[in-house]
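There are 2 protein chains.
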Amino acid sequence: MVSKLSVKRGIQKRLNVFEEELEALVQEAISSKGAPAMDLARDVLLAGGKRLRPLLAILTYEATGGRDIHEVMDLALSSELIHTATLIHDDIYDQARFRRGRPTIHSSHGLAHAIIAGDYLFALGFSKGGRYDLDVVDMIASSCTNIARGELQQFNHIGDLTTTPEDYYSIIDGKTVGPFATGTASAALVAGASKEVSEMMYDFGTEFGRAFQLVDDLLDLTGDPEMGKPRGTDVHEGKMTLPLIHALTILHGSEREHLADVLNNFSDDRWNELTSLLELSGSFSYTRQLIQNHVDRALEILSKLPPSNAKDLISEVALISRNRRV
Amino acid sequence: MVSKLSVKRGIQKRLNVFEEELEALVQEAISSKGAPAMDLARDVLLAGGKRLRPLLAILTYEATGGRDIHEVMDLALSSELIHTATLIHDDIYDQARFRRGRPTIHSSHGLAHAIIAGDYLFALGFSKGGRYDLDVVDMIASSCTNIARGELQQFNHIGDLTTTPEDYYSIIDGKTVGPFATGTASAALVAGASKEVSEMMYDFGTEFGRAFQLVDDLLDLTGDPEMGKPRGTDVHEGKMTLPLIHALTILHGSEREHLADVLNNFSDDRWNELTSLLELSGSFSYTRQLIQNHVDRALEILSKLPPSNAKDLISEVALISRNRRV
Chain A
1 MVSKLSVKRG IQKRLNVFEE ELEALVQEAI SSKGAPAMDL ARDVLLAGGK
51 RLRPLLAILT YEATGGRDIH EVMDLALSSE LIHTATLIHD DIYDQARFRR
101 GRPTIHSSHG LAHAIIAGDY LFALGFSKGG RYDLDVVDMI ASSCTNIARG
151 ELQQFNHIGD LTTTPEDYYS IIDGKTVGPF ATGTASAALV AGASKEVSEM
201 MYDFGTEFGR AFQLVDDLLD LTGDPEMGKP RGTDVHEGKM TLPLIHALTI
251 LHGSEREHLA DVLNNFSDDR WNELTSLLEL SGSFSYTRQL IQNHVDRALE
301 ILSKLPPSNA KDLISEVALI SRNRRV
Chain B
1 MVSKLSVKRG IQKRLNVFEE ELEALVQEAI SSKGAPAMDL ARDVLLAGGK
51 RLRPLLAILT YEATGGRDIH EVMDLALSSE LIHTATLIHD DIYDQARFRR
101 GRPTIHSSHG LAHAIIAGDY LFALGFSKGG RYDLDVVDMI ASSCTNIARG
151 ELQQFNHIGD LTTTPEDYYS IIDGKTVGPF ATGTASAALV AGASKEVSEM
201 MYDFGTEFGR AFQLVDDLLD LTGDPEMGKP RGTDVHEGKM TLPLIHALTI
251 LHGSEREHLA DVLNNFSDDR WNELTSLLEL SGSFSYTRQL IQNHVDRALE
301 ILSKLPPSNA KDLISEVALI SRNRRV
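Note that the protein sequences, when read in sequence, are chains A and B. Counting from 1, position 37 in the first sequence corresponds to residue 37 in my numbering; the numbering is continuous, with no gaps. Counting from 1, position 279 in the second sequence corresponds to residue 279 in my numbering; the numbering is continuous, with no gaps.
Rather than coming from a laboratory, the hints here were simulated on the basis of the structure. Some clues are possibly wrong.
As the list claims (entries may be wrong) - For each label pair, taking beta carbons as the anchor points, the in silico distance ranges come out as:
1) Phe98(A) to Arg42(B): 31 to 39 Å
2) Ala47(B) to Leu134(A): 27 to 35 Å
3) Gln292(B) to His70(A): 47 to 55 Å
4) Lys50(A) to Asp39(B): 28 to 36 Å
5) Thr249(B) to Arg324(A): 39 to 47 Å
6) Ser108(B) to Ser267(A): 47 to 55 Å
7) Gly282(B) to His70(A): 56 to 64 Å
8) Asp261(B) to Gln95(A): 34 to 42 Å
9) Leu134(A) to Ile320(B): 32 to 40 Å
10) Gln95(A) to Asp138(B): 48 to 56 Å
11) Leu134(A) to Ser108(B): 29 to 37 Å
12) Thr249(B) to Gln95(A): 53 to 61 Å
Said to hold, decoys possible - From chain A, some residues computed to sit far from chain B (all C-beta separations above 12 Å):
13) Gln27
14) Arg99
15) Pro103
16) Phe122
17) Ser127
18) Asp133
19) Asn146
20) Ile250
21) Tyr286
22) Arg288
23) Gln292
24) Arg297
25) Pro307
26) Ile320
As the list claims (entries may be wrong) - These stretches of chain B come out as covered by chain A in the derived footprint (C-beta under 8 Å, 3 or more residues):
27) 15-26
28) 81-94
29) 127-133
30) 144-153
31) 274-284
Built from N, CA and C at the ideal position, the CB exists for glycine as well.
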């Protein structure tokens, strides 16, 4: 086992390298022809997300045989740039006013600027990803086209109380899980690992990403606004998260009708009703159990890698991510 | 000299190969995980643009030593996919209702679907471009980040009657000219040509692209709706095209005040006023002369290539493009 302090230090060390690279990239863009678009994107890019995608890419690279983390840095940058591009575009049609504590670009600068800033980060992200071999480029591209698929599928299921767990997994595998899985799988390839190890790390990223999304689902229902995680965004938008899908399957008769009414006509004064129904159906504990299962499987896959400090840190990231409050 | 018929056949032959590849790509996407996004994008992609970017990429590849046009096909596809992605996103904030004779995606399916469909084509375009060497990937990426720069700069000059010719060229070099120039320069690299020849073809693409944009500017002022080119879009949007910038520079006193008033308070019943003022300032003939200069320089650059059928066809494309009505 590694001590909490050494975990924190180990993670911080990688994140510092990443932030330096990201800031250098931003500075380079600002002082070059990309200036106006980067001026727009800089705030959201540097406002400090969790950096989970780049962190996992860096640690996976190290845990699968990589020797010089600068080799994987363009991949790490690519994952964060593309992730931020999708956030900027998502925020437009989700009509979100704030992101990472700052006004969203479309609310401060308007629709056109937000679309263009997102496109700009996409291009920058692809240019970083495009520096690697064809198998990595293909993975990044396929992850991006799958994001589009997942998002469109999610739209089709807005407010659809008949959404199945299969629909749910198909949506999140596109939107959220794919980028994690292709990130870890690509990082292994960049490290020179075999196709088998890369596929193993794809499966790891899949389990990690599903746990991550399910934690997000729970936080949307239980999150503490004072911790910086406003609750209810998904419910208000009619997004069918797994706890809701589970409760709709478990409850019958008047209880299901009650839940359907709460979801179809949701407002903030119905939180108690919704929470009671989700507790009645055991949906919170069911979702927690699913998260545990995904994390367990992620750790099991990870255990097949040879011992290394980076491998221990990935385990810790998975455990920290499971227990996150924001 | 080549006969008109053989020019037409030569161009059509390349376009047919391209359309087949594009349709195969669309079919593959439809029958795979990209289905919902491609379902949205298919219409605008296959509705038949001029295909000038892919055509020039293919012909440049051949004229600079390429032997098998399938080698350059991913580049040709990439250029058209990315171009169409920018059209879909542009149409959102230009509030255009029709594109290539069909309803725009945002007007038929809404904002979110149009943003996602554009992002999807970007990803697909980059994946095709990402199959080439780093120098080509860098050119494509830099052309895309420059599009963003040009678009943002254009926004800053909307309705700005003090816009200079330098501003104008900086805007169009980002938005329109760059993709042409990087397309022809990249095609030369894919053909295995030297860096010098690639730079030469970059200059060719720059001259071609500027002529292309100036023709567009003229058509916006003189275009015939019955030919499928509605006029006045730029004027209504307050876009400062070169004929307008020229007239604002040439006219003085009450005539300039009159022009400023027409541009600041434009409506369709002021066409005659606008046309008279542009004729008075000689802005139509000035723009036509500029177009001729750019085409002449493009042809002069081209003349340095060794003789080939493809080279002759590129000249013809430049001449046809100069005289186009739509």
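For each hint, the structure was consulted:
At roughly 36 Å, the beta carbons of phenylalanine 98(A) and arginine 42(B) sit within the given window of 31 to 39 Å. Between alanine 47(B) and leucine 134(A), the C-beta spacing of about 31 Å keeps the proposed range 27 to 35 Å intact. Under the hint 47 to 55 Å, the C-beta atoms of glutamine 292(B) and histidine 70(A), about 51 Å apart, fit the expected range. Checked against the given bound of 28 to 36 Å, the beta carbons of lysine 50(A) and aspartate 39(B), roughly 34 Å apart, stay inside it.
Between threonine 249(B) and arginine 324(A) the Cβ separation comes to about 60 Å, which falls outside the hinted range of 39 to 47 Å. Here the CB-CB span from serine 108(B) to serine 267(A) is close to 32 Å, at odds with the stated 47 to 55 Å. For the hinted restraint 56 to 64 Å between glycine 282(B) and histidine 70(A), the CB-CB distance of approximately 58 Å keeps it satisfied. One distance hint, 34 to 42 Å for the beta-carbon pair aspartate 261(B) and glutamine 95(A), holds here, with the actual separation near 38 Å.
Between leucine 134(A) and isoleucine 320(B) the C-beta distance comes to about 36 Å, which sits within the given range of 32 to 40 Å. The hinted window of 48 to 56 Å between glutamine 95(A) and aspartate 138(B) is violated, with their beta carbons roughly 36 Å apart. At roughly 36 Å, the beta carbons of leucine 134(A) and serine 108(B) sit within the given window of 29 to 37 Å. Roughly 43 Å separates the CB atoms of threonine 249(B) and glutamine 95(A), a value that falls outside the hinted 53 to 61 Å.
The claim that glutamine 27(A) is not at the interface with chain B holds, since no C-beta of that chain comes within 12 Å of its own (minimum 15 Å). Chain B leaves arginine 99(A) outside its interface by the beta-carbon criterion, the shortest separation being 16 Å against a cut-off of 12 Å. Chain B leaves proline 103(A) outside its interface by the beta-carbon criterion, the shortest separation being 18 Å against a cut-off of 12 Å. The non-interface label for phenylalanine 122(A) is inconsistent with chain B: the shortest C-beta to C-beta separation is roughly 5 Å, within 12 Å.
With a least beta-carbon separation of about 3 Å from chain B, serine 127(A) fails to lie farther than 12 Å from that chain, contradicting its non-interface assignment. Against the 12 Å criterion, aspartate 133(A) falls within the reach of chain B, whose nearest CB is about 10 Å from its own CB. Look at asparagine 146(A): its CB is around 6 Å from the nearest CB on chain B, not clear of 12 Å, so calling it non-interface is violated. Every CB of chain B is more than 12 Å from the CB of isoleucine 250(A) (nearest about 30 Å), matching its label as outside the interface.
Distance to chain B confirms tyrosine 286(A) as a non-interface residue, since its nearest Cβ pair spans about 28 Å, more than 12 Å. Look at arginine 288(A): its CB is around 30 Å from the nearest CB on chain B, clear of 12 Å, so calling it non-interface holds up. A cut-off of 12 Å between C-beta atoms confirms that glutamine 292(A) is not in contact with chain B; the least separation is 29 Å. Remark: the non-interface label on arginine 297(A) is consistent with the geometry, its nearest Cβ contact in chain B lying 23 Å away (cut-off 12 Å).
Residue placement check: proline 307(A) keeps its beta carbon more than 12 Å from all beta carbons of chain B (closest about 35 Å). With a minimum CB-CB distance of about 31 Å to chain B, isoleucine 320(A) clears the 12 Å threshold, and the non-interface call stands. Figure legend: the stretch 15-26 of chain B, annotated as covered by chain A; annotation inconsistent (0 residues with Cβ-Cβ distances under 8 Å, at least 3 required). Given as covered by chain A, the stretch 81-94 of chain B passes the check, having 5 residues with a CB less than 8 Å from a CB of that chain where 3 are the minimum.
As drawn, the stretch 127-133 of chain B meets chain A at 4 residues by the rule of a beta-carbon pair under 8 Å; at three or more, the given contact holds. By the rule of at least three residues with a Cβ nearer than 8 Å to a Cβ of chain A, the coverage given for the stretch 144-153 of chain B holds, with 9 such residues. Under the rule that three or more residues need a Cβ within less than 8 Å of chain A, the assignment of the stretch 274-284 of chain B is violated, with 0 such residues.
When held up to the earlier numbered hints, the structure conflicts with 5, 6, 10, 12, 16, 17, 18, 19, 27, 31 and fits the remainder.
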